[in-house]
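Asks: Since each chain sits alone in its own frame, please combine them into the complex, following the hints.
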Amino acid sequence: MTIFHEIYGAYYRITARLLRRGRMTRQDITDAIAQDGFRDSMLFLPQKLIPQPDGSDWGLLHETADGTFEPVTKHLPEHPLTLLQRRWLRAKLADPKIRLFLTDEQYDALEAALAETPPLFRPDQFRCPDQFADGDCMTDPKYRAVFRIALHALRNGTAILLAYRTAHGAVQRHCCLPVAMEYSQKNDKFRLYCRRIRRGKLTGSTVFNLGRIISIRMLRETPENAQTRARFFESLRCAEPVTVRVTDERSGLARFLMEFAAYEKHTERDTETGSCTVQIWYNRSDETELLIQLLSFGPVLEILSPPDFRQKAAERVAAQYALLFPE
Amino acid sequence: MAGFSELVKTFEKTKSYIRDFFICGFRTRGDFQQKSSRTYDDERRRAESWLGGALRFDDSVRGRQIFLSVDSSRIYENPLYQMYAAKSFTSNDIRLHFLLLDLLADGAARSLNAVMELLVTEYGVEFDPQTVRGKLREYADEGLLIAEKRSNAMFYRLAETEPVLRLHENPALAEAVRFFAADDAFGVIGAEMLREAGLQNDIFLRKHNYIVHTLEDSILPELLSAMEQKSTVTLRAYSARFDTDDREGKRFEAVPMQIIGSLQTGRRYLAAFIPAEDSFHSFRLDYLGEIRQGAVFPDYDRITEKYQALSRRVFGVSFGSLQGGNDAEPLRLTIRANPETEQFILRRLEREKRCGVLTQECAGHYTLVFDVIDPNEIMHWAKTLIGRIVSVEGGTAMLRERFADDIRRMQAMYGGAKHDDLS
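Chains as they are written, first to last, in this note's numbering: chain R, 753 to 1079; chain F, -14 to 408.
No lab work stands behind these hints: they were computed from the structure. Any given hint might turn out to be false.
Keeping only pairs whose Cα atoms sit at most 20 Å apart, straight-line, the calculated DMTMM-like set for lysine to aspartate or glutamate is [as the list claims (entries may be wrong)]:
#, chain 1, residue 1, chain 2, residue 2
1, F, 235, F, 275
2, R, 1064, F, 327
3, F, 235, F, 213
4, F, -6, R, 792
5, R, 849, R, 892
6, R, 826, F, 145
7, R, 938, F, 337
8, R, 826, F, 102
9, F, 192, R, 1038
10, F, -6, F, 123
11, R, 849, F, 102
12, F, 192, F, 62
13, R, 894, R, 856
14, R, 1064, R, 1054
15, R, 826, F, 78
16, F, -2, R, 758
17, R, 953, R, 976
18, R, 953, R, 973
19, F, 215, F, 284
20, F, 338, R, 882
21, F, 120, R, 830
22, F, 192, R, 934
Computed footprint of chain F on chain R, listed as stretches where at least three residues anywhere in the stretch have a Cβ under 8 Å from a Cβ of chain F [to be verified]:
#, stretch
23, 756 to 767
24, 778 to 785
25, 881 to 894
26, 910 to 916
27, 937 to 943
28, 1067 to 1079
We put the beta carbon where it would ideally sit given N, CA and C, even for glycine.
If we strip away everything but chain F, and leave its shape as in the complex, we get (with noise of 0.2 Å):
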């Protein structure tokens, strides 16, 4: 209990707890064997205090089960918005913060000794200047103040919000808050302007909702602010792998491009260029830590253009290791589908196929031609067809071998039922 406080001062620690709770519900305190059992505890209890009832508890022959079971489709707010209201603080930081949007709340501008001398005489409360100074500068920073030179004195008022920014004063922005409040990445941010303004989604729902996503807000910034500024970063990549205790990761200089998401998978990636390489990578945004702004990529521009020609070579998010060398064949796909009983297959095929080409071979049968860069990415996706696969052609030997093996082992495992019609 002593010492323990439910607030922390970093995210990055605490949220790859919170991820491990969230998506690997199995796994007890013995699987944490790099941290303390302290740190784990309370780690647990600050997810368990956060979390209320999304962390639930289960009694297993193992010991004691952590698992988030959350039907993310059914849920009105992300429950793991709540990391983001649990940062730490000090006393002067949050005393500081009601005082001087008090004394500043009347508009006018002030300087820093007009600042000082008021929390003294309206509030009774001497702070050090460096404190009071920091912290002006810290909320026109934030956007909270707006800082302004006269002289050779900076003075500070209160910024202002436009009555058409202010979700009271504008039901029809609040709703549009109300259903932005769920996305993918900075949800959070939307959510807490609702709460800010005692506002609530009660109506909005999200299907396919990795609500785990929220965690990588954190980092999200720093990337997108690289890329505005077509920049590099340092970042650290660790491995996502459950059996491998990668403590020390992979340091990375690299050329942020763009962030890739899979609806499917859940996985979203950093793809970038890796100067020391010459090469394109993604990495695993669940799976980086320690990301810092370097300086302006000069060759920034002919990069992009490059990556952008090959991202219409990439199914998903794999640039392959053979970028510029010898590619894979063509992958081509056929499908069985009756085109008069089974158009809902041909629709399928033409929203999912991406960039693949799509020609009907013969009658009821449809034929996918993919000249990606990697086509392993495809047979994922592809085995959700599984059924109608008359022939796979072209890709890699590997490839081809891997499926009819798992097709020999799917048939074994399900004991090789009759089949009819498919819907």
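Bound conformation, chain R alone (with noise of 0.2 Å):
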């Protein structure tokens, strides 16, 4: 059993979707190459499934008089699951968050289906020990009630109408049309992207915890969404990246860069000290966090611009200053 399988290749996949076809031209082959291969494919695969004079290709199809392809086999190329994804499957019933997407019923069925096979893995193998202690509880129903019409919604391009508690503890009704669903692992919450509606028109970009919805509602009216998703990111990026030159001392340039692996940014080393500037790309409502894990690298990072993110920082650290060396 293992991961890094060729059943599981780019090669495998596009062989077997053509043999599914049935009949094909030259054309089909390419496209289902370009549509499913690497960049470099077409380079390799076509000679390959296409009948070859000296016998290099693969055999599986044959050319027929009319010049197109046939697949020498006989029936479609299903395979079933294989072992890995039966185990992998095992051992996800064992996350709650799946019961967010199951009913009790729905659960118990794939629990029976899979009841000889061995988890992949067990939970307790893993650990993390900086994930918040505040986490959704993923099992309460009517959390999970709320997860089922928000992705209910999602997936249908419904609008729905919801009751949210805010973090100062007031209540607001919105009308708003979701576009995606986030899940931080570190927080472990879930959040749902959406764009407010006013007047039928949709309007801005918010995001609401899904832990503070009161209550949720499909609507039967939604507006005209094109374009919804790719605007909602716009909404939320920042006008400018953050600039900042990272030292390689106590192996900040490696921490760094792993650190940040999960931002957009452009990195560039100075060959002369050694040090790293680094663009960093954002959203804004995630200032305050990304500041403060800037800050948590000392004196390793400095924090150039744009002016007014580093005066935040700036007046930080005076204030630990003062704290620290009171006169």
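Replies: Following this line, the structure appears as structure tokens:
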């Protein structure tokens, strides 16, 4: 049982897809490669699929009198779930988040089907010490109900009306169109990305913590929503990237590049000093999180710009200096 | 061009290139000194071919830069999963794959001889019996076929997938697989199931998503299997330092205990017991190579109990160098927060303190006490509270001096700005 196996490979997948379609033209073959292959697959794959005079092809297609190709196989190339896939599914049954997607009956049916399959891993074989302690309760029936409706609305492009408890305890009502669902393992929370609806039109973007949604229901009317998702993300993006300089003191460079691997960024090294200058793009709503994350690198990292972002760092450092070294 | 293939036989060599391209965007050909320029060029070309638009180039003053600049909270499928779809194979492998699945599609069990005969009569192809037997056994191991012994011969039939496990017939499961396909560990398995079913994730996003972790999925099964079977492994650990050309690494015999992942730093570790040193160590997963499962470790249960007890005094992953010896003093961090207007700070301390004990010192001052093996690990997190740390006590003298020195240097760096209330 291995995870890096050719049966999961792109070439096998493309071949299966072609065998599934039955009769095909040369163009169908190149289209399938272009759609499912790697960038260079067109250089290698056609001559392996299309019969060659010297027999160097894979022998899975034969040419017909009209110049098209047919599979030498007689059935659709469906293969069963592999042991690896079954064991992965079995392991996922131990994850409380799967209950969000399944009814209890659906869960029981899966459990019965996989009863003889050992899990690929157990939850206690993994530990994340810095996962926050106040994650969402995924098994709470109310939470599951909210999740289901939100997911259904997302899948069907339906507008929703929800009552939401803000961080300050106030309850607000929002009419909006969900565009994506985000999960953070660090926070162990789901968030719903939405565009606001006012007077039947999409007007702005907002994010709701699923755990704070008190009630949710789908609406009959949904506004036109072309480009909704792209506009949502544009509206979140910072106007200007943060630029930082990182030195390799205390392996700072390796630590920084790993920790910020999740961000969109541009990295350039100064060959004389060994330090790196990095531009980081971020969501405006995550500015404070980014600021404290950068400060945690101490003097190994300096925030260079934008000036107002640097100023926020300087204020925190000055406050800290005053606390540690009072005059 | 001659000899170049976009597929690879082994995962481990290529993954170190992909990790470097992805993590160290500034590295150029000259930085991969230990490899030949042809190897570098081939690996770079493969990376471009697999990762398409996710790998971008930039011309810098040092020559051609390579970097992967992906905002991983905005992607619906990890581009690095492509690596797992690039395993090389022979013509016999792929031909036998489709012919065997085809001739066994009726669900009947067949012996090797019957399979050999059908290959000739139905498809007009002859294979060496050893090759076919090897493939049948391999597919039985992978779970595609069921092997049954009848009299003295093995019979093979196609395994069945229950309807409830088929993504097309169970939309609720398909939705769950869309979500789990972005998981830190083994998400690639779900992604492959989706691709096989012609489905894709178009809804779920992940924040704090370290997509590079998928490169470690190739070694995880061996480690998890050793944990399950209470066995040792032999492993080779390489230096994670950029400035070290560590080609040899260091070999260890280890008893795997747990995989520990930091969601803040993105680093993942294998926590393991080293019998030769009678101590616990944490190894960076991304710098491990060559793992082989060994014999059952006779003292596994006792060591596991010891590990669990020790883990309660570990803030992150460090078991320190003084296990059972002279520990550092408990570390006391006192934090300033206005109880009327800064409740969010108290909530932060509650949810992020881990094994720390939080008490209120006086109005507006809160103390976290960490009785841990290695208090140095706390300071990276503690510095996220810069601007609020009233005092750092205990730990070690070096820790306290370094923190004070860091603040002095940062004050000099940022020029001593005025400060108001912090948000």
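Asks: Hint by hint, note whether the structure agrees.
Replies: Hint-by-hint comparison with the structure:
Annotation: proposed proximity of residue 235(F) to residue 275(F) holds, straight-line Cα distance about 11 Å (limit 20 Å). Between residue 1064(R) and residue 327(F), the direct Cα distance comes to roughly 18 Å. Compliance with the 20 Å bound is thereby established for this hinted pair. With a CA separation close to 25 Å, the supplied pair residue 235(F) and residue 213(F) exceeds the 20 Å bound. For the hint linking residue -6(F) to residue 792(R), the alpha-carbon distance of about 17 Å falls within 20 Å, and the restraint holds.
Taking the CA atoms of residue 849(R) and residue 892(R), the gap is about 11 Å. The hint holds against a cut of 20 Å. For the proposed pair residue 826(R) and residue 145(F), the alpha carbon gap of about 19 Å is at most 20 Å, so the pair holds. Restraint check for residue 938(R) and residue 337(F): the C-alpha separation of about 10 Å stays at or below 20 Å, so the hint holds. Pair hint residue 826(R) plus residue 102(F) holds up; C-alpha atoms about 16 Å apart against a cutoff of 20 Å.
Between residue 192(F) and residue 1038(R), the direct Cα distance comes to roughly 11 Å. Compliance with the 20 Å bound is thereby established for this hinted pair. With a C-alpha separation of about 17 Å, the suggested pairing of residue -6(F) with residue 123(F) holds against the 20 Å cut-off. With a C-alpha separation of about 49 Å, the suggested pair residue 849(R) and residue 102(F) falls outside the 20 Å cut-off, and the hint is violated. With a C-alpha separation of about 13 Å, the suggested pair residue 192(F) and residue 62(F) falls inside the 20 Å cut-off, and the hint holds.
For a cut-off of 20 Å, the pair hint linking residue 894(R) to residue 856(R) stands: about 14 Å separates their Cα positions. This hinted pair checks out: residue 1064(R) and residue 1054(R) have alpha carbons roughly 13 Å apart, not beyond 20 Å. Under the criterion of a C-alpha separation no larger than 20 Å, the hint pairing residue 826(R) with residue 78(F) is consistent with the structure, at around 19 Å. Restraint check for residue -2(F) and residue 758(R): the C-alpha separation of about 17 Å stays at or below 20 Å, so the hint holds.
Our distance criterion of 20 Å between C-alpha atoms is met by residue 953(R) and residue 976(R), whose separation comes to about 8 Å. At most 20 Å may separate the alpha-carbon atoms for a hinted pair to count; residue 953(R) and residue 973(R) meet this at roughly 11 Å. Distance check on the hinted pair: residue 215(F) and residue 284(F) sit about 9 Å apart at the alpha-carbon level, within 20 Å; holds. A hinted pair counts as satisfied when its Cα atoms are at most 20 Å apart, and residue 338(F) with residue 882(R) qualifies at roughly 9 Å.
Distance restraint check for residue 120(F) and residue 830(R): the Cα-Cα separation of roughly 18 Å lies within the 20 Å cut-off, and the hinted pair is therefore satisfied. With a C-alpha separation of about 7 Å, the suggested pair residue 192(F) and residue 934(R) falls inside the 20 Å cut-off, and the hint holds. Check on the stretch 756 to 767 of chain R: 11 of its residues sit with their Cβ under 8 Å from a Cβ of chain F, so the three-residue criterion for coverage holds. Counting residues of the stretch 778 to 785 of chain R whose beta carbon lies closer than 8 Å to any beta carbon of chain F gives 0, which falls below the threshold of three, so the coverage claim is violated.
Counting residues of the stretch 881 to 894 of chain R whose CB lies closer than 8 Å to any CB of chain F gives 6, so the stated coverage by that chain holds, three being the minimum. Coverage of a stretch by a chain is defined here by at least three residues with a beta carbon nearer than 8 Å to that chain's beta carbons; for the stretch 910 to 916 of chain R and chain F the count is 0, and the condition is violated. With a cut-off of 8 Å between beta carbons, the stretch 937 to 943 of chain R has 4 residues touching chain F; three or more are needed, and the interface restraint holds. For the stretch 1067 to 1079 of chain R, the stated coverage by chain F is satisfied: 11 residues place a CB nearer than 8 Å to a CB of that chain, which reaches the threshold of 3.
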